[in-house]
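> Working from the sequences, and respecting the hints, build out all of it.
Residue numbers (the working numbering), protein chains in the order written: chain W, 17 to 361; chain X, 17 to 361.
These aren't lab readings, by the way, just hints derived from the structure by calculation.
You may find that some hints are simply not true.
Identical copies look the same in the list; a pair holds intra-copy or inter-copy alike.
As the list claims (entries may be wrong) - The calculated EDC-like cross-link candidates involving lysine to aspartate or glutamate, where the alpha carbons are at most 16 Å apart (straight line), are: (1) Lys274 x Asp125; (2) Lys334 x Glu45; (3) Lys46 x Asp189; (4) Lys46 x Glu181.
Number of protein chains: 2
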Amino acid sequence: MSELGGVEQALDHRRGHINDALLAAVPVEKPERLHGAARHLLKAGGKRLRPALLLMSAESLAAVDPDSPVDYHRFPAADGGSADVLAAATSVELVQTFTLVHDDLIDDDDVRRGVPAVHRRYDDSTAILAGDVLHARAFELLLGTGASPERSMRALARLARTCAEICEGQTADIRLEERSQVTVEEYIDMIDRKTGVLFATSASLPAILLGHEDAVDPLASYGREIGRAFQIHDDLLDLTTPTETLGKQRGSDLVEGKRTLVNVHARQQGVDVDELLAEETAASVTDARIDDAVAVLEEAGSLEFARERAREFVERGKDHLDALPQNQSRRLLTDTADYLVERDY
Amino acid sequence: MSELGGVEQALDHRRGHINDALLAAVPVEKPERLHGAARHLLKAGGKRLRPALLLMSAESLAAVDPDSPVDYHRFPAADGGSADVLAAATSVELVQTFTLVHDDLIDDDDVRRGVPAVHRRYDDSTAILAGDVLHARAFELLLGTGASPERSMRALARLARTCAEICEGQTADIRLEERSQVTVEEYIDMIDRKTGVLFATSASLPAILLGHEDAVDPLASYGREIGRAFQIHDDLLDLTTPTETLGKQRGSDLVEGKRTLVNVHARQQGVDVDELLAEETAASVTDARIDDAVAVLEEAGSLEFARERAREFVERGKDHLDALPQNQSRRLLTDTADYLVERDY
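Structure (structure tokens):
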């Protein structure tokens, strides 16, 4: 567990830089209602996993000592130039935040990161426009890293494709909810686009911006695999982590009929997943009812199945790192992969 | 009127190229629901003024004979290179379409371009995601013009800023509806962002992409001024053009309490604008009621006031073209400015 403590400390340190950069990237401007709404979730905090992964990925490419201070704004490129990797990290977190703002509205979720969702704190119209502003702002930031125009163009193209694919993943997520039979492959394809692509982009953008050509594909593959693992583990946490720690109602995926690897497997085992918390809402459901539902899923072997798949994806992700030079920062990427499926919130 | 006929013919010709490029830019892919929704308004047609302006602006820079066939995909740059100005034109129309999809949802408008709005034909969630996909796709297209990376980066930065400002303009539009007293300056500032910036970007992108540095600012200024005029004239058409020609209910701005230059002026003249069509809805309002309301606004001099302001903005826009070389294509830009405030739909 000492590696996990190290990862938490490493994430915490980088989160400080990221939080400062995020609020600077979306300043308080007129109209205040729009920009206030755009800042709302940024101010509420969050794990900042994707931008932290981007920074750690950059550090592994430059073989930076993970404990030494570095200037993320002028991070050394392979060929003597530099790029602002903190701006790139901020950009991917803005993409993540824009999709959360729109998804919360689509799912009509009340709470996010322990605060009211943007459409609850403000209104639906403001949530749509605030998401759109964050989307545009993400591109503006990635244009300003100071990397060469060729590299910036490639980074932008990757980010734009990623945004389109996340929308496809979210659409697939909604469509799968409407179907009773979903295969594991369909579920994995959905989370690849909903979650995997942004992890892949976060991990590989530094290689693009800093001119480490050979590292682009391995880092993207690493990111995609651990992104899958992260999403599966997130779905497990929804069942097992107390509401106050989660920042939203425990069991809400089950109540809302969301497809997760756990319930895709359970259904294949003959469990009538839709009946487990039938007639419950996120507001009405009790811990005891959730415990009973989780016991049924545990009995069907579905939690164990999901845990094993997440662990497999982590191992496959770590294998891709073999293509990179061995150093202390690469070790941190390895430990972070493990952390994603061992964290309890 | 022969110049206006010429403009209509010129727009019509370019519209053909643009329509083909738009549908090719958003192909039918899986998930079909998402991409079908993204294509819905593109297939419904539209005036395509912004992309046509972009093409005509490119033609004026290259001194192309307006009646000769040109290859928009390999359009000659100032220094011997080339750029795909049709891709850039498609990009600005995708931005326009993404904002329409989201705005129709925000305003809960039923009809757009004579077909059901995306959130009516599909649903709210799909409209949000389809708008997001169009937004991302606009950036992807502008990355692929084949212009030099430096020029592409500048073009992208301009487009990203434009998207953020349109959201600000839309927010301002909503906020102004909630206030009884609005000044002409506040109204102009709102339409500058809601409409002017995308016209400015459309007119100036070719100068950026094709390396005509001196023309960037004049064309942007031309675009902003005629964008203002276009918006004011559009608001006038909402009062005077039959519903079947408009493709949406005549008088809907008045029914919905939208701020327009006409009613901002009328209110300053002491007309109780909110009472004109009080208790009417777009579904209930009759032509006779709208005629009565328009007569009151006419009596207050408000239609004439708006017409004069639109005409002033057109003249100011045309003046900016003096900075460009005189040629037949520049003449078409001049005539197009006039056309924007003389068209009857």
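> Determine for every hint whether it applies to the structure shown.
Comparing the hints with the structure gives:
1. Lys274 x Asp125: within (12 Å within a copy, 30 Å between copies)
2. Lys334 x Glu45: neither (43 Å within a copy, 32 Å between copies)
3. Lys46 x Asp189: Result: close only across copies, 13 Å inter versus 35 Å intra.
4. Lys46 x Glu181: Answer is between: at 11 Å across copies they meet the 16 Å cutoff, but 31 Å inside does not.
Of the numbered hints given earlier, the model fails hint 2 alone.
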